[in-house]
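Trainee: Chains as they are written, first to last, in this note's numbering: chain Z, 1 to 555; chain F, 1001 to 1309.
Since the hints were made in silico from the structure, they are not lab data.
Among the hints, a few may not be true.
As the list claims (entries may be wrong) - In silico BS3-like links for lysine-lysine, alpha-carbon gap of 30 Å or less:
#1 Z:K269 - F:K1107
#2 F:K1126 - Z:K368
#3 F:K1172 - Z:K269
#4 F:K1111 - Z:K269
#5 F:K1135 - F:K1172
#6 Z:K248 - Z:K269
#7 Z:K368 - F:K1172
#8 Z:K354 - F:K1111
#9 Z:K269 - Z:K368
#10 F:K1138 - Z:K354
#11 Z:K263 - F:K1107
#12 Z:K354 - F:K1125
#13 Z:K90 - F:K1090
#14 Z:K354 - F:K1230
#15 F:K1090 - F:K1107
#16 Z:K368 - Z:K354
#17 Z:K90 - F:K1125
#18 Z:K90 - F:K1138
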Amino acid sequence: MLLIDNPVLARELLVNLRSHRAFILQLLYVSSLGALVYFYWPVGEEGMRQVSPGVSRRLFDIFFLGQFFLVALLAPTFAAGSITGEKERKTYELLLASPLRPGTILLGKLASSLSYLIVLILSSLPLIILCYLLGGLLLSEIARAYLVLVLSAGTFGLLSIACSSVFQRTSSALVVSYLVILPLAVVCVVLTRSDDALARDFVSIAVIPPWCLAIWTVLGSLINRRLLHPPDVGSEGKDVVDEQEEMKYAIGVVIDRDLFPDKLFAPAKRTDLMPDGTNPVLDKELRSEIFSQGTLMLRVVIQVSMLLSIPLMAMLLFVRSDKAPYYVGYVLTFNMLVGPVFSSGSITQERERKTLSLLLTTLLVPRKIVTAKLLAALRVSTVLTFLLTEQILLAYFLTPELQRRFWTLIVFFLIIATTCLATSTIGLLCSSLARRTSSAMVMTYLTLLAVFVLPMGLEWYVQGLGTMSPEQLSALTVTSPYSAALSVPMHIARPDGLAHRELRVAESVLVPITASFGLPVWAIFLLIYPPICLILFGVTCLIFRWRWWSAAASV
Amino acid sequence: MIEVSNFTKRYGDFVAVDDLSFSIGKGEIFGFIGPNGAGKSTTIRFLATLLRPTSGEGRVAGHSVTEDPMSVRRLIGFMPDDFGVYDGMKVWEFLDFFAVAYEIPRKARRKIIGEVLELLDLTHKKEDYVNGLSKGMKQRLCLAKTLIHDPPVLILDEPASGLDPRARLEMKALLIELKKMGKTILISSHILSELADFCTSIGIIERGRLLAAGSIADIQRQIRSHRVLKVRVLGEETERAVAILQDDPSISRLESFDHTLTAEFTGEDQDMARLLGQLLGSGVSVQSFGEEPLSLEEVFMMITKGIVN
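Next comes chain Z alone, as it looks inside the complex (with noise of 0.2 Å):
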């Protein structure tokens, strides 16, 4: 029996399920979704509640898509750290020396993962029956919307273990699985959203379930094969990467540190002792650590990125370039998913490596270390997120409507810049709060999410309240790169998809600071983030310091 009796299983829900954490998780998320019902639910004149089948479409939409992207973001935290977390705790060679079938293994990891994920959408069942009680909503439609819910948990969870069999680290894992799991979430959605309801069925039917049974087929047989057949783990002397062999047998993109724009994040390897003055910290982040656990991180990260910035760049920056802000979200999505990479383990992984004794014990100062901590998380996440701002910088020169509006391209290279900031500095005091990665990786997930795309589902939210004003809501959203760079006014295009001769713009919203004064989204972001991010960085300093430097807790 592959489920019962599954000891992996059995472990992991035991670890997982019993704790207080689950159980605060769900409690948490069902008030929120009770709340979110409680408030849209419209109040008549005598305070009676409304019955009415737009509200409920509209529950029913908020609900699913919100769902959805849980299920997107939730499912690589379980899984993704599944096989590398055996890896990292050095359980892995113990469980595959062991008598348990490769299939047996992949199916606890599995069903472990998103046992909890399905325990969570399925908690949302009492809310949903509600709304198809106020009609609008036929049973087959609800009963649609958890079939492709439960498909893409398995698919995102299958995906995610295919990555976490593949890397050596959770972290690693983590990012390319959200890599490749958010495209297609969006793509998802798109497909199921038409305004027809025959199409959507279909969709949902006949199109979704073969392609993710399709996948599992796939990606079962793939993780099965590495389970079975397990490259080297390392031991005395396997752990070393040679870069110049791996770049032999690469696909694809090959990372030379001798060339632009790979020196940028990579610098060369030294050659002879260091300079007099040179931060060691920084020196060792940037040239020796980036590679150690090899380049095929980064390689995945840097080609699907760019893969994906074709058809994005064809469509929102030369077809409809007045769209130029939703390509710069793309950016933005892109440094939030692979910015914390760098930074959120930085001081995690010296405790995990069991080097932060060695780097304590030293005459560094804690503002030294975190200082270069920073630095080096900065510089590659920056690098690797300007490399994709080329097209844009393409697109303003080829394009005379960006071109006759070049001031907003200097805008959106602040937002970018101003993003790669935060999301550094946010992952490193995550990582100086967290004793593991992991831990720190999805703290400061959430923490982006929080600050970054909350505001913007708020507004969303509230919008259809009807309670506030424009101005009112675009200041709930000033703490959003997304919601700075389309706050940026661009050019009205005409119905054609060319823009208009006499280029109009269109009006910005400005959020009121005074009375009579008031400064767009944008501005607002570009001109809070700065200190934000340097009492952040004091703070993580002040904690690096209480927390390790000055002899705390066991190290």
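Keeping the supplied structure of chain Z fixed, place chain F upon it in accordance with the hints.
Mentor: Chain F only, in chain Z's frame:
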């Protein structure tokens, strides 16, 4: 050079170290011994400025480990019991990293790195990646890192753990070399015979309490009311030797087995010399004569069984 007074460390209700006090003089080698979980590493980490005490004070060359950690870090070389290495670094890069972290100027660095590599017999591994080294080599590398800023005090937590017998012997020879260089060394180990050979003093700790401290001979004297005398004689003269020893007032108990006499001796050093003279004077052919020292293992077992207390 090292002074610990009333050091206590509590984790909630659990007392890891309880009111520990000891001091180590300049040039001494202090062996810190005790069973697993006794509080050795806690004390060592406290002295290495990595642990805040619940109460108590620690000083290295007069500098407080809690008030003035930077001065202490300058003076100590610390080797933890369980340490890792940075990935993607070569042996010389690893040492260069720590040399810069200890503020050694570039001019001096090349020479120092060369010397340390030579002292630890790592010169041939200079260009190897540190994460590819064997456990023994990594231990040596960590010791090289510990010596890079030429600290007068070395704090070594189980430096020989996990090493094979050959590597252990090499480590021992190295420590004897460091002793000759005049370093003050605090070393913890489970391999007691290793410590007995070169430690000038030892401290025995169990359940966070220091049970005994001082030179091995002093501790032996503390835990034994008598000394053990062992005499080996030739041929048929055993009976004559037994008769002489039995009549002596400083001998309390005597056992004889295969020409070897083992006696409990309660006298002073002069009495021992007199006894030897008496044996030789009466024509007994003495092959060997001397005090049987108590091994460190025996001392340790007796003390940790609570005999002293």
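Trainee: State for each hint whether it applies.
Mentor: To see whether the hints hold, each was checked on the structure:
no., hint, verdict
1, Z:K269 - F:K1107, "holds (20 Å)"
2, F:K1126 - Z:K368, "holds (28 Å)"
3, F:K1172 - Z:K269, "violated (36 Å)"
4, F:K1111 - Z:K269, "holds (21 Å)"
5, F:K1135 - F:K1172, "holds (16 Å)"
6, Z:K248 - Z:K269, "holds (19 Å)"
7, Z:K368 - F:K1172, "violated (37 Å)"
8, Z:K354 - F:K1111, "holds (28 Å)"
9, Z:K269 - Z:K368, "holds (22 Å)"
10, F:K1138 - Z:K354, "holds (13 Å)"
11, Z:K263 - F:K1107, "holds (28 Å)"
12, Z:K354 - F:K1125, "holds (22 Å)"
13, Z:K90 - F:K1090, "holds (24 Å)"
14, Z:K354 - F:K1230, "violated (49 Å)"
15, F:K1090 - F:K1107, "holds (20 Å)"
16, Z:K368 - Z:K354, "holds (20 Å)"
17, Z:K90 - F:K1125, "holds (27 Å)"
18, Z:K90 - F:K1138, "holds (19 Å)"
The earlier numbered hints that this structure contradicts are 3, 7 and 14.
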